[in-house]
Amino acid sequence: MEYLGIELKKPKVSFFDFTCCEGCQLQIANKEDTLVDFLSLVEVVNFREISSEKKDHYEIAFIEGAISRQDEIERLEKIRKQAKLVVALGTCACYGGVNSLKKRFSVEDVVNEVYGHNPVETLPVKSVKEVVAVDFEIPGCPISKAEFESIILHLVLGTEFRFKKYPVCVECKQNLNHCLLDEGKICLGPITRAGCNAVCINGKLPCYGCRGPAEENNWPSLKQILTEKGFSPEQIDEKTSFFNSLTEVTKNES
Amino acid sequence: MKVDMNIDVHHLTRVEGHGNIHINVKKGKLVDARWAVVETPRFFEAMLRGMSCEMAPILTARICGICSIGHALASLRAIENALGIDIPVIAKKIRLLAKHGETLQSHFLHLFFLAAPDYLNVGSVIPLVQSNRAVVEIALRLKRLANDMCDILAGRTTHPVSLCVGGVSRPPNKEDLHKLREQISERIPDAERTVELFKTIQVPDFIRETEYVSLKGEENYPWIGGKLVSTDGVLKNENDYLAMTNEYKEDFSTSKFTRLSRKSVAVGALARLNNNYNFLKAKDIAEEFGIKPLNHNPFMNNIAQLVECVHVMIESLELLDELLDEPMDEISSEYDIKEGEGVGAVEVPRGILYHHYLINKKGLVEKANCIIPTTQNNANIHYDLAELVEQAVNNGKQDTEVKKLCEMLVRAYDPCISCSVH
Numbered sequence: 001m002e003y004l005g006i007e008l009k010k011p012k013v014s015f016f017d018f019t020c021c022e023g024c025q026l027q028i029a030n031k032e033d034t035l036v037d038f039l040s041l042v043e044v045v046n047f048r049e050i051s052s053e054k055k056d057h058y059e060i061a062f063i064e065g066a067i068s069r070q071d072e073i074e075r076l077e078k079i080r081k082q083a084k085l086v087v088a089l090g091t092c093a094c095y096g097g098v099n100s101l102k103k104r105f106s107v108e109d110v111v112n113e114v115y116g117h118n119p120v121e122t123l124p125v126k127s128v129k130e131v132v133a134v135d136f137e138i139p140g141c142p143i144s145k146a147e148f149e150s151i152i153l154h155l156v157l158g159t160e161f162r163f164k165k166y167p168v169c170v171e172c173k174q175n176l177n178h179c180l181l182d183e184g185k186i187c188l189g190p191i192t193r194a195g196c197n198a199v200c201i202n203g204k205l206p207c208y209g210c211r212g213p214a215e216e217n218n219w220p221s222l223k224q225i226l227t228e229k230g231f232s233p234e235q236i237d238e239k240t241s242f243f244n245s246l247t248e249v250t251k252n253e254s
Numbered sequence: 001m002k003v004d005m006n007i008d009v010h011h012l013t014r015v016e017g018h019g020n021i022h023i024n025v026k027k028g029k030l031v032d033a034r035w036a037v038v039e040t041p042r043f044f045e046a047m048l049r050g051m052s053c054e055m056a057p058i059l060t061a062r063i064c065g066i067c068s069i070g071h072a073l074a075s076l077r078a079i080e081n082a083l084g085i086d087i088p089v090i091a092k093k094i095r096l097l098a099k100h101g102e103t104l105q106s107h108f109l110h111l112f113f114l115a116a117p118d119y120l121n122v123g124s125v126i127p128l129v130q131s132n133r134a135v136v137e138i139a140l141r142l143k144r145l146a147n148d149m150c151d152i153l154a155g156r157t158t159h160p161v162s163l164c165v166g167g168v169s170r171p172p173n174k175e176d177l178h179k180l181r182e183q184i185s186e187r188i189p190d191a192e193r194t195v196e197l198f199k200t201i202q203v204p205d206f207i208r209e210t211e212y213v214s215l216k217g218e219e220n221y222p223w224i225g226g227k228l229v230s231t232d233g234v235l236k237n238e239n240d241y242l243a244m245t246n247e248y249k250e251d252f253s254t255s256k257f258t259r260l261s262r263k264s265v266a267v268g269a270l271a272r273l274n275n276n277y278n279f280l281k282a283k284d285i286a287e288e289f290g291i292k293p294l295n296h297n298p299f300m301n302n303i304a305q306l307v308e309c310v311h312v313m314i315e316s317l318e319l320l321d322e323l324l325d326e327p328m329d330e331i332s333s334e335y336d337i338k339e340g341e342g343v344g345a346v347e348v349p350r351g352i353l354y355h356h357y358l359i360n361k362k363g364l365v366e367k368a369n370c371i372i373p374t375t376q377n378n379a380n381i382h383y384d385l386a387e388l389v390e391q392a393v394n395n396g397k398q399d400t401e402v403k404k405l406c407e408m409l410v411r412a413y414d415p416c417i418s419c420s421v422h
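So the sequence lines, in the order shown, correspond to chains A and B.
According to this note's numbering, the stretch in the first sequence is residues 1 to 254, in order.
According to this note's numbering, the stretch in the second sequence is residues 1 to 422, in order.
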């Protein structure tokens with residue numbers, strides 16, 4: 001394929017899923033307007049959710065999901081050896097995601113609660129980068145279809161993709177939403193990385209930070225505001241730890 | 001001829017999640033047929049403990065990327081039953097329309113992307129972009145309608161944002177509803193073309209009698225809440241769901257199995273159709289395919305899904321007319337946090353889904369149980385495989401043909417495996 005007279009690479013890409021809901025892969029299958037164009041931009045060689053084709057040669061591996069069992073670690077290490085580029089796809093892959101809520105309990109306790117006398121194997125949840133080297137991370141629960149597409153275009157064109165530095169709060173204001181903090185809710189939009197068009201707050205669901213911290217954020221100040229509004233540390237922690245995506249800012253200051 | 005057969009399908013493709021098929025035939029006799037779910041468990045029920053009940057629908061939506069709206073709705077219904085909340089009629093209609101969007105999204109995804117490649121002899125939908133462009137375009141238009149519907153009604157298809165305890169948090173705007181109404185009407189011919197396309201496929205002729213479980217319709221084809229019914233004559237209240245499921249664990253599978261009057265039950269589109277045929281608004285389509293109760297061919301679940309798509313499109317037009325006529329001012333009910341216990345049963349694309357919570361006086365979840373449609377289908381898939389292989393071997397079918405039939409059988413249930421190992 002050519003663009004402005006330049007021959008574009010058509011990278012071989014693979015999608016692999018681990019501990020997750022497969023909703024991020026689904027965002028790609030669900031991008032109806034541009035799915036056909038997307039399929040002409042890359043060569044999809046593994047996409048088990050929608051395809052029976054399986055090949056061992058690929059350049060880019062998209063990893064969806066967190067890692068929570070020994071066989072997943074081995075599978076991931078094998079993929080790392082094959083792929084030139086490993087991309088963590090979605091909040092579970094980038095941060096562990098909601099799966100990390102498991103860490104509030106012991107492994108024995110969660111296994112016993114769900115499986116009783118028939119235990120199954122499981123490990124404490126890890127993000128992809130805690131197991132293998134990761135070249136690029138695309139956060140979001142689920143990922144933003146538009147952002148994913150833009151990232152793929154940058155990859156194919158060989159140019160650098162830059163995430164927005166400002167927080168979700170900026171996009172939310174642009175959408176003229178009423179501030180949920182003012183409505184008495186805990187909203188983490190002020191410290192979370194933009195790029196989702198504030199989709200949750202548009203529907204009046206507060207932001208719980210699935211995209212990780214914005215480069216420009218002021219957590220101590222938000223925490224002070226939330227405390228002044230009367231929220232307890234437990235109430236604040238329930239929201240900041242929901243996706244395990246904000247630990248880098250919330251754990252440093254306390 | 002006495003054949004030997006060893007079929008191992010590791011991580012079956014074109015299904016959601018990870019499952020293996022294992023078949024062993026020695027000298028023409030079936031030794032072993034297994035449906036083994038090997039998905040990594042996520043422990044949602046354990047993680048819910050100690051969480052504010054308002055966060056439960058947000059968390060449990062993430063059990064499944066495909067039916068997240070259904071999970072959110074079952075979760076909300078369980079909480080609202082526990083706290084004694086009656087939600088406004090408008091909110092009920094908005095929720096049902098959002099669910100219809102999800103049903104269309106999930107069924108069309110399954111019919112075109114996951115099931116159709118088997119019948120068109122390709123590995124995936126991707127080569128069809130070249131060879132059957134018109135079909136792919138119909139699929140994309142129908143899927144897009146479904147996604148737009150979810151976006152307008154629930155704010156997002158995967159992991160909805162405007163479904164909340166007490167009702168909905170943001171009303172859809174009427175202009176969007178008008179456009180949606182037009183869009184559905186415009187897509188009816190595409191649905192008709194899909195019906196014509198599926199009439200050309202040869203659905204495998206296979207029968208194994210089983211017990212079909214679903215919600216019981218009172219005045220309409222049922223989707224959210226109500227009595228539970230089986231084709232063997234079992235009738236229970238929503239709160240007595242455990243009597244319908246009877247979960248147990250098999251060593252070779254991380255997903256549990258269930259049973260009722262027989263060794264297995266089936267849930268899903270075919271189960272709903274078998275139990276509620278009289279309420280179908282697309283009976284003519286069902287008749288065109290010759291599908292009527294009781295149908296015991298699991299492959300016909302694909303056709304039942306298609307019939308449901310047409311039904312859902314018709315019902316959505318009716319719901320939209322009603323919504324467009326009414327003011328959108330009352331969309332959620334006030335409520336007090338208190339101690340309580342509640343069950344929510346919802347028909348999601350793959351069958352009946354149950355959420356059950358115990359909530360303490362602080363409004364925190366003390367205990368949670370979620371029983372997923374695919375979990376209820378696992379035993380049925382497992383025993384179907386044995387019967388299917390025996391019949392195929394007796395009819396002289398070879399390895400590759402048997403393997404493909406086995407794969408198609410599992411796909412016909414549209415299993416949502418990561419869901420089942422929540």
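Quick caveat, the hints were computed from the structure, so don't treat them as lab data.
Heads up, some of the hints might be wrong.
Straight-line C-alpha distance at most 16 Å; calculated EDC-like pairs for lysine to aspartate or glutamate [said to hold, decoys possible]:
| # | chain 1 | residue 1 | chain 2 | residue 2 |
| --- | --- | --- | --- | --- |
| 1 | A | K31 | B | D148 |
| 2 | A | K251 | A | E238 |
| 3 | A | K204 | B | D151 |
| 4 | B | K362 | A | E234 |
| 5 | B | K362 | A | E238 |
| 6 | B | K292 | B | E387 |
| 7 | B | K249 | A | E234 |
| 8 | A | K31 | B | D151 |
| 9 | A | K204 | B | D4 |
For this session: Starting from K251 (chain A), check that the Cα of E238 (chain A) is at most 16 Å away, please.
Result: holds (14 Å)
Exercise. For the pair supplied as a hint, K204 (chain A) and D151 (chain B), is the alpha-carbon distance within the 16 Å limit?
Worked result: Satisfied, since the Cα-Cα distance of roughly 14 Å is no more than 16 Å.
Exercise. Going straight from one Cα to the other, do K249 (chain B) and E234 (chain A) come out at no more than 16 Å?
Worked result: violated (36 Å)
Problem set entry | Pair hint K31 (chain A) and D151 (chain B), alpha-carbon separation not exceeding 16 Å | Holds: K31 (chain A) and D151 (chain B) sit about 13 Å apart, inside 16 Å.
Exercise. Hey, K362 (chain B) versus E238 (chain A), does the alpha-carbon distance stay inside 16 Å?
Worked result: holds (14 Å)
Exercise. CA of K204 (chain A) to CA of D4 (chain B), is that 16 Å or under?
Worked result: Not OK: K204 (chain A) and D4 (chain B) at ~60 Å, beyond 16 Å, violated.
For this session: Given the hint that K362 (chain B) pairs with E234 (chain A), test it: the Cα-Cα distance must not exceed 16 Å.
Result: holds (13 Å)
Exercise. CA of K292 (chain B) to CA of E387 (chain B), is that 16 Å or under?
Worked result: At roughly 23 Å apart (the allowed maximum being 16 Å), E387 (chain B) and K292 (chain B) break the hint.
Problem set entry | Restraint check for K31 (chain A) with D148 (chain B), where alpha carbons must lie at most 16 Å apart | Holds: K31 (chain A) and D148 (chain B) sit about 11 Å apart, inside 16 Å.
The structure does not agree with the numbered hints 6, 7, 9 stated previously, though it agrees with the rest.
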